[in-house]
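S.K.: Take a look at the letters that make up each chain.
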Amino acid sequence: SQTIHQWPATLVQPVGSPLSLECTVEGTSNPNLYWYRQAAGRGLQLLFYSVGIGQISSEVPQNLSASRPQDRQFILSSKKLLLSDSGFYLCAWATAGLLSGYTFGSGTRLTVV
Amino acid sequence: AQSVTQLGSHVSVSEGALVLLRCNYSSSVPPYLFWYVQYPNQGLQLLLKYTTGATLVKGINGFEAEFKKSETSFHLTKPSAHMSDAAEYFCAVSEIGDDKIIFGKGTRLHILP
Numbered sequence: 001s002q003t004i005h006q007w008p009a010t011l012v013q014p015v016g017s018p019l020s021l022e023c024t025v026e027g028t029s030n031p032n033l034y035w036y037r038q039a040a041g042r043g044l045q046l047l048f049y050s051v052g053i054g055q056i057s058s059e060v061p062q063n064l065s066a067s068r069p070q071d072r073q074f075i076l077s078s079k080k081l082l083l084s085d086s087g088f089y090l091c092a093w094a095t096a097g098l099l100s101g102y103t104f105g106s107g108t109r110l111t112v113v
Numbered sequence: 114a115q116s117v118t119q120l121g122s123h124v125s126v127s128e129g130a131l132v133l134l135r136c137n138y139s140s141s142v143p144p145y146l147f148w149y150v151q152y153p154n155q156g157l158q159l160l161l162k163y164t165t166g167a168t169l170v171k172g173i174n175g176f177e178a179e180f181k182k183s184e185t186s187f188h189l190t191k192p193s194a195h196m197s198d199a200a201e202y203f204c205a206v207s208e209i210g211d212d213k214i215i216f217g218k219g220t221r222l223h224i225l226p
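Sequences listed follow chains A and B, in order.
With my numbering, letter number 104 in the first sequence gets 104, and the count goes up by one each step, no holes.
Position in the second sequence (from 1) plus 113 gives the number in my numbering.
Only chain A is shown next, with the shape it has when bound in the complex (with noise of 0.2 Å):
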């Protein structure tokens, strides 16, 4: 059976700092993997997106990135955080075409101080 991982669950790092999320897959092949934010009361934003190895779609421009150096790995990073990076961070991922929907991991609670 498929399986996603994402961690750390929850991370505290101060503004400046450097950020590195990752996200795996097992079970599967290929997968679609997505990157979401969950902000207080701003419902789910799609940050980052990809279909393939080293294939990103960024949905917004903002102070993060994404890399996909393995087929079932997906990382989110930024250089410098800032304190409106603060959110739940969610990683999923999604069988091409979408049909049975997203998997979603357990997420990560970033806090900027």
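These are computed hints drawn from the structure, not numbers from a lab.
Keep in mind that this is a model prediction, so the values were computed, not measured.
Each hint should be verified, as a subset may be incorrect.
[To be verified] Calculated cross-link-like contacts (lysine to aspartate or glutamate; reagent style DMTMM-like; alpha-carbon spacing at most 20 Å): (1) Lys171(B) <-> Glu59(A); (2) Lys218(B) <-> Asp198(B); (3) Lys162(B) <-> Glu128(B); (4) Lys218(B) <-> Glu26(A); (5) Lys162(B) <-> Glu179(B); (6) Lys79(A) <-> Glu59(A); (7) Lys162(B) <-> Asp212(B); (8) Lys162(B) <-> Glu177(B); (9) Lys213(B) <-> Asp71(A).
Using the hints provided, position chain B relative to the given structure of chain A.
M.R.: Same frame as chain A, now just chain B:
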């Protein structure tokens, strides 16, 4: 472009009462429709989905939803609310050939004892 509107950011029902969460969508082609549930500090979990076929779909935890093309609606219902149903619910839509799912802003369901 497709979009999703969830009516009511907060809904309160008494334990044992009918749960009705409203969702309307906009799509230029036959859509795929989803309902997800999110408990505090967790990822989203798929409740049910409509892709093709029977318009009344049953999901986990006793929830069901009906796709009504003429009304562009996909409302979520449960005959009898339980305290454990308290969570945030997201309606979502995608179209055949899409790479991503569009989410509504969510409805927080409160269960009154």
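S.K.: Need the status of pair Lys162(B), Glu177(B): alpha-carbon distance at most 20 Å?
M.R.: Answer holds: Lys162(B) to Glu177(B) is near 9 Å, not above 20 Å.
S.K.: Given the hinted pair Lys213(B) and Asp71(A), is their alpha-carbon gap at most 20 Å?
M.R.: 18 Å, holds
S.K.: Can you confirm whether the C-alpha distance between Lys162(B) and Glu128(B) stays at or below 20 Å?
M.R.: 25 Å, violated
S.K.: Against the 20 Å threshold, does the CA-CA distance of Lys162(B) and Asp212(B) hold or violate the hint?
M.R.: 17 Å, holds
S.K.: Lys171(B) and Glu59(A) were given as a pair; does the straight-line alpha-carbon distance stay at or below 20 Å?
M.R.: 32 Å, violated
S.K.: Sort out whether Glu26(A) lies within 20 Å of Lys218(B), counting only the CA atoms.
M.R.: Violated, at roughly 29 Å.
S.K.: Are the Cα positions of Lys162(B) and Glu179(B) separated by 20 Å at most?
M.R.: 10 Å, holds
S.K.: Are the Cα atoms of Lys79(A) and Glu59(A) separated by 20 Å or less?
M.R.: 19 Å, holds
S.K.: With a cut-off of 20 Å on the C-alpha distance, tell me whether Lys218(B) and Asp198(B) pass.
M.R.: Roughly 18 Å separates the two Cα atoms, so the pair holds.
Hint violations for this structure: numbers 1, 3 and 4, all remaining hints satisfied.
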